[in-house]
Amino acid sequence: MRKAMACVIVILSTAFSAFFQGCVTDTASLKIEKTMPQSKLAYYNDSFDKFRTDLWDKAGYIHNEAQKANFKLAKMRVEDGRLWVQTETGCFSAGGLGSKYTIRGDFDIQVDCHIDFLEGDYDMDQLLVFAAIGKGKEIGKDDTVFLSLLKKGGRDFSTIFSVARKNGRFHRGDWYKIKDFDGSLRIVRIGDEINTLFKRKGDAEWKKMDTFRFTPKDIILGFKLQNFVTNRTSITARSTITATFDNFKINAAEEIVEEDI
Amino acid sequence: MRKIEFWLFVLCLICLSFLATKARASSSEAYTTAVQKNLPQAQIAHYNDAFEKLRDNIWKRSGVLPFGKNIFQIPEIRVQDGRLLIKTRTGDFQRGGLTSRWTLKGDFDIQVDCRMDFVDEAGDMDQLLLFVAKDKHTRYFTVVGLSKRSDSKPSIFATFKEKGEPLSRKWERIGDFQGTLRIVRIGNKITTSRKERGDLEWKEIGKFSGMPGEVVVGLGLANFLANRTSIQADQPVMAAFDNFRINSTQEISEEVKFSPSTPSTGCDTAPSLFWKGQFASQKEDAFRYYMEAIDLCPGFIRPYELVGNYYRKKGNKEKAIEFFTKAADLGSVNYKLYYLLASLFFQEGDFDEAGRYLNKSLDIRGDYPKSLTLKSKIEKERDTNGPKIILYEPSTRRGLNLVSQHQNISVRGIATDKSGVSWVKVNKMDTPVDKHGNFLKDVPIEVGSNTIVVEAADRLGNQSTLSVTIEGKDYALPPITKVEIPSQEKDLYGKSFAVVIGINSYEKWPSLEFAVNDAKAIKEKLKESGFDQITVILDKEATQRRILTELFHRLPETMEHNDRLFFYFAGHGQTEDLPKGGKKGYIIPVDGDVSNYGATAISMDQIRSLSSRIPAKHIFYAMDSCYSGLGLNRSGGVSPEISDYLRKISSMRVVQIITAGGKGEQVQEKEGHGLFTTYFLQALEGEADFNKDNVVTGTELGAYLRPTVSNASGQAQTPLYGRLEGEGEFLFFIEKK
Chain A
1 MRKAMACVIV ILSTAFSAFF QGCVTDTASL KIEKTMPQSK LAYYNDSFDK
51 FRTDLWDKAG YIHNEAQKAN FKLAKMRVED GRLWVQTETG CFSAGGLGSK
101 YTIRGDFDIQ VDCHIDFLEG DYDMDQLLVF AAIGKGKEIG KDDTVFLSLL
151 KKGGRDFSTI FSVARKNGRF HRGDWYKIKD FDGSLRIVRI GDEINTLFKR
201 KGDAEWKKMD TFRFTPKDII LGFKLQNFVT NRTSITARST ITATFDNFKI
251 NAAEEIVEED I
Chain B
262 MRKIEFWLFV LCLICLSFLA TKARASSSEA YTTAVQKNLP QAQIAHYNDA
312 FEKLRDNIWK RSGVLPFGKN IFQIPEIRVQ DGRLLIKTRT GDFQRGGLTS
362 RWTLKGDFDI QVDCRMDFVD EAGDMDQLLL FVAKDKHTRY FTVVGLSKRS
412 DSKPSIFATF KEKGEPLSRK WERIGDFQGT LRIVRIGNKI TTSRKERGDL
462 EWKEIGKFSG MPGEVVVGLG LANFLANRTS IQADQPVMAA FDNFRINSTQ
512 EISEEVKFSP STPSTGCDTA PSLFWKGQFA SQKEDAFRYY MEAIDLCPGF
562 IRPYELVGNY YRKKGNKEKA IEFFTKAADL GSVNYKLYYL LASLFFQEGD
612 FDEAGRYLNK SLDIRGDYPK SLTLKSKIEK ERDTNGPKII LYEPSTRRGL
662 NLVSQHQNIS VRGIATDKSG VSWVKVNKMD TPVDKHGNFL KDVPIEVGSN
712 TIVVEAADRL GNQSTLSVTI EGKDYALPPI TKVEIPSQEK DLYGKSFAVV
762 IGINSYEKWP SLEFAVNDAK AIKEKLKESG FDQITVILDK EATQRRILTE
812 LFHRLPETME HNDRLFFYFA GHGQTEDLPK GGKKGYIIPV DGDVSNYGAT
862 AISMDQIRSL SSRIPAKHIF YAMDSCYSGL GLNRSGGVSP EISDYLRKIS
912 SMRVVQIITA GGKGEQVQEK EGHGLFTTYF LQALEGEADF NKDNVVTGTE
962 LGAYLRPTVS NASGQAQTPL YGRLEGEGEF LFFIEKK
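So the sequence lines, in the order shown, correspond to chains A and B.
Going by my numbering, the first sequence opens with residue 1, and the numbers climb by one from there.
Going by my numbering, the second sequence opens with residue 262, and the numbers climb by one from there.
Some hints could be false.
Claimed, not checked - Computed cross-link-like contacts, SDA-like style, restricted to lysine to any residue with a CA-CA straight-line distance of at most 20 Å: (1) B:Lys621 x A:Arg52; (2) B:Lys801 x A:Asp182; (3) A:Lys68 x B:Lys424; (4) B:Lys587 x A:Thr53; (5) B:Lys769 x A:Lys207; (6) A:Lys207 x A:Asn167; (7) B:Lys424 x A:Glu119.
Just so you know, these hints were derived from the structure itself, not from any lab.
All values reported here derive from a predicted model rather than from experimental measurement.
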């Protein structure tokens, strides 16, 4: 009888284990073989104890004339060992950081972030983005992968999704409804495939979102918070939105190319 | 008989057809008659639009519908020949048009003329014209429109949606359309109808119920339907709208405008141009974007660095140095900038400048390999001797100077070295040195023999020393001589500028209570004192960029040599202990960081450097904040007993500074003002006019405020006063008493 019970337990636990593995990512398959040593990569990791002007340029990109006419950079500060970004009210507002260096070849990057979405209807969007942006083409016509958290104005739900822009054309990936987010976002490129993953705080495993075919070339990486999606042309923005970023890490990178200045 | 039956049948058909038409006509007329308590047409007429021009006061450009998975762009929207034309661009998802800035409440009846000629064989795209009534919370939608999916046939449709999901939909096949679409709401029931050109009667498209609330109206065009996942869009889609009319409504509400707490500035949008430059495929395009960013925000450091690098790569060393130096003056902490400046000067054979910039680079990042390599190259080219020191005052050739024990003596001279002078000390006291090597220091003299030792070091650490002996004797004060008082300050100054900054509400630092009050009080006092160009910057406006832009861009461009500038700052200050000894003082702008003030605050080095760009002959910095590391010279300047004293000192350049206290001291407050500012205002009332000539000089101000504020605060706060350069005196003119 005991043997039978033990067998049932083993079978059930094996089945459960198999099911669980099916839900999460086999991160072993995302291992990058050709990488710089951690001793060199460590310089580029940022725990946001101070603002590293040697690594980052402040970002805040505007997409159309309506946004340009009423835009304010979001407030950014380093506090409690995190980067805080808070949008302004009454206008289009965005703020974040873009790397001063480029990464060439395979890479594996991640950043922790935390956003609590405002509930209810707002005449603004709530958008947090982690992106790997191909260099050498104008913005809008570039090759970029975005891993984003979004609550669009008028919607009563928020999502996590990833999307790839290739030659300016969007290729939509998967999306899930989420509530607030406190966890890590990750982008891994191996060869001509780029993967997007996320992990909520406390989760043991990464959850894979998408795999896109991506032209291998130099990329700038960045993350930002903004109160508008690309094509929004009017805004009220009665409230600020706030997000924090922490522990940016380059887990692996084939080559990091420093700019002259 | 059969003929009679036939004709009776025909007559019946005609009658039925007539009755049906009549019924339809009366039902459409019923829309308007059923809307009770209409606003008068006089009130509605303002919102009717014949599209003679694009009226931004009643419409705004938008995506029209907020739902759908596709990320899309707004199409081209313009008014032409008295019609609203919307045209999609090719190669992309496009949807948009106009939505109303007003809302309709209660029952309403609206219509719009439109024309849509569908593109045949459109290929991989759809064609969609939209007339939309949506509740302002974007939950419910009524959409009347014309659609053609890819290569299928066109149709006219009406649909009712909740959160983007269709609850009901009516449609029928149709060809190209030229006519009028209409939406009527009575209670919560919506009726949609159409009338094609030439028709007399309205034809119903669909009826729905369940749409409550205030309604926003939209007119739009799209080249995709909601479920399309990819698009080719080889051809544009075009539609025309005209004669939008509100036939009746119970109420119209105007959109409440919500503005940012402070207006956006060029410095908000400049980073977007910077990033355009970063991703430009052509270097010339990138250069253009960076220059536009500088035009928008002259205090934005990063574009100067990249423009400098653009010139460096082009081989234009002069322009490269110009832009790199501007970035350095603005306070860049980019170690690569200083390395590149150093390498440019090294190529020019200017090893002193190369060494100076290289030290800055290594101060910021000591292990930067390129800087370390360049350092060894420079050291090979440089000297091993200490600076050459020449003393002007006291002159050793004139022998001993007789001074009282209460008097100071000014030690003035020049130190020069081909590697650049690093520091000068007089009697072990740090002494400021200008870029030419001039130095000036007050030294107390006691009765008896006094030895004055001047030490100097170059940037490589080579040192030299010069000493001189002075005999101090008792000295009786001379009687006060009458000095010439100018009839008015205009005799001595051209224009009088002031920049007054007060920050209570910091983004990251603790809030202050009275800084803004202080700034406002100072402004009023300056007005009374003859200042005619006063710029007041308070709280959120007082960002690092704004202050630097003022000092770096506006003042140097607008001021002239005979002008004076008074700069007042009430807010936090900070002192940094430098790793190699010494201190560096900062004033903290509203967006200054708590830990990283090196990059986000404004240092005394910057203030000193920016002062040299301002052509004014007299500059006075009054900082109601506590910090040290000013690098001050407390020389008394020219003696007031000489004849034509005011004219002499007013003709000599000077930059003076006073701060409310030193490192670690707490600013005290009194009666709604900071203690320092309270006594500063009293000083300008005449309390600091020691010789009663109705002029308060910068030195008098320092001599008054230092003991007065120190005593009043119980020695908790002792102002620091001194000169950053020059021997003249800043003059405040007070009313005669």
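query = For the pair supplied as a hint, Lys68 (chain A) and Lys424 (chain B), is the alpha-carbon distance within the 20 Å limit?
reply = Distance ~29 Å between Lys68 (chain A) and Lys424 (chain B) Cα, so the pair is violated.
request  = For the pair we were handed, Lys207 (chain A) and Asn167 (chain A), check the Cα-Cα distance against 20 Å.
outcome  = violated, 27 Å
ask   = Given the proposed pairing of Lys621 (chain B) with Arg52 (chain A), does the C-alpha separation stay at or below 20 Å?
value = Holds, because 17 Å separates the two Cα atoms, which is no more than 20 Å.
task = Below or equal to 20 Å on CA atoms is what counts here, so check Lys801 (chain B) against Asp182 (chain A).
result = violated, 30 Å
request  = Sort out whether Lys207 (chain A) lies within 20 Å of Lys769 (chain B), counting only the CA atoms.
outcome  = Violated - the C-alpha atoms of Lys207 (chain A) and Lys769 (chain B) are around 36 Å apart, more than 20 Å.
ask   = Is Lys424 (chain B) within 20 Å of Glu119 (chain A), Cα to Cα?
value = Holds. Lys424 (chain B) to Glu119 (chain A) sits at ~16 Å (cutoff 20 Å).
key: Distance restraint between Lys587 (chain B) and Thr53 (chain A), which requires alpha-carbon spacing of 20 Å or less   = Distance ~18 Å between Lys587 (chain B) and Thr53 (chain A) Cα, so the pair holds.
This entry does not satisfy hints 2, 3, 5, 6, going by the numbered hints stated previously.
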